[in-house]
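Using the sequences and the accompanying hints, generate a full structural model.
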Amino acid sequence: MKRSPLIPFLMIAIFGILLMLSISFFGVTQQAEILEDDEENGEEEEEEFEDPIEHGEAVYEESCLQCHGDNLEGGSGPAIDGYDADDTLQAIEEGPGSMPAGTAEGEDAEAVAEYVENYE
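Here full-length UniProt numbering is used: the first residue of the sequence shown is 1, the next is one more, and so on.
Some hints here could point you the wrong way.
Claimed, not checked - Each computed SDA-like pair below joins lysine to any residue, with the alpha-carbon atoms no more than 25 Å apart: (1) Lys2 - Ala13; (2) Lys2 - Phe15; (3) Lys2 - Ile14; (4) Lys2 - Ile12.
Unchecked claim - Per label pair, the in silico range of CB-to-CB distance: (5) Thr29 - Asp81: 36 to 42 Å; (6) Ala13 - Asp38: 32 to 38 Å; (7) Gly27 - Asp84: 51 to 57 Å; (8) Met20 - Cys67: 30 to 36 Å; (9) Glu105 - Asn71: 32 to 38 Å; (10) Ser63 - Ser22: 56 to 62 Å; (11) Glu94 - Asp38: 31 to 37 Å; (12) Ile14 - Ser98: 51 to 57 Å; (13) Gly27 - Ser98: 35 to 41 Å; (14) Ser98 - Phe49: 27 to 33 Å.
By construction, these hints were calculated from the structure, which means they are not laboratory data.
Remember, it's a predicted structure, so these values are computed and weren't measured experimentally.
We put the CB at the ideal spot given by N, CA and C, even for glycine.
Set out below in structure tokens:
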């Protein structure tokens with residue numbers, strides 16, 4: 001007697017469905033843990049700077065260094081050494097050329113502008 005080809009197909013299908021359900025369940029439990037970790041990490045305080053130039057340097061290194069270089073000499077973006085605070089702040093807000101607007105905002109933008117103006 002020949003076996004029906006339907007039985008192996010059903011066994012494989014059932015195995016696949018069970019495997020997908022178990023992986024999905026594992027993913028849902030991991031997602032809950034990840035969300036809990038994110039909430040805990042979100043409560044960390046940001047670093048406080050007393051000197052706005054130090055603050056500006058930290059923001060510059062995080063947001064601007066990739067394009068404008070270590071010494072403000074330029075790279076994929078233009079050299080900004082010698083810019084005054086107003087020009088820098090305007091560039092941050094408006095995003096001239098291919099630079100995206102709003103790469104820093106509020107106190108961060110003002111601190112970067114101060115850092116660029118006072119860079120030695």
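Original post:
So the hint says 51 to 57 Å: do the beta-carbon atoms of Gly27 and Asp84 match that?
Top reply: 52 Å, holds
Original post:
Honestly, do Ser98 and Phe49 meet the 27 to 33 Å range at C-beta?
Top reply: 30 Å, holds
Original post:
How does the Cβ-Cβ distance of Ser63 and Ser22 compare with 56 to 62 Å: does it lie in that range?
Top reply: 43 Å, violated
Original post:
Does the structure keep Lys2 and Ile12 at a Cα separation of 25 Å or less?
Top reply: 19 Å, holds
**OP:** Look at the Cβ atoms of Ile14 and Ser98 and judge whether their distance stays inside 51 to 57 Å.
**Re:** 55 Å, holds
Subject >> Consistency of beta-carbon spacing, Asp38 to Glu94, with hint 31 to 37 Å >> reply: Cβ of Glu94 to Cβ of Asp38: about 33 Å, so the range 31 to 37 Å holds.
Original post:
CB of Met20 to CB of Cys67, is that within 30 to 36 Å?
Top reply: 44 Å, violated
Original post:
Taking only the CA atoms, is the gap from Lys2 to Ala13 under or equal to 25 Å?
Top reply: 21 Å, holds
**OP:** Using the Cβ atoms, figure out if Gly27 sits within 35 to 41 Å of Ser98.
**Re:** For Ser98 against Gly27, whose Cβ atoms are near 39 Å apart, the range 35 to 41 Å holds.
Original post:
Holds or violated: Lys2 with Phe15, Cα cutoff 25 Å?
Top reply: Given pair Lys2, Phe15 holds - Cα atoms ~23 Å apart, limit 25 Å.
Original post:
How does the Cβ-Cβ distance of Glu105 and Asn71 compare with 32 to 38 Å: does it lie in that range?
Top reply: Between Glu105 and Asn71, where Cβ atoms are some 25 Å apart, the hint is violated.
**OP:** Go ahead and decide if the range 36 to 42 Å is satisfied by the Cβ distance of Thr29 to Asp81.
**Re:** 52 Å, violated
When the structure is compared with the earlier hints, violations turn up for hints 5, 8, 9, 10 and for no others.
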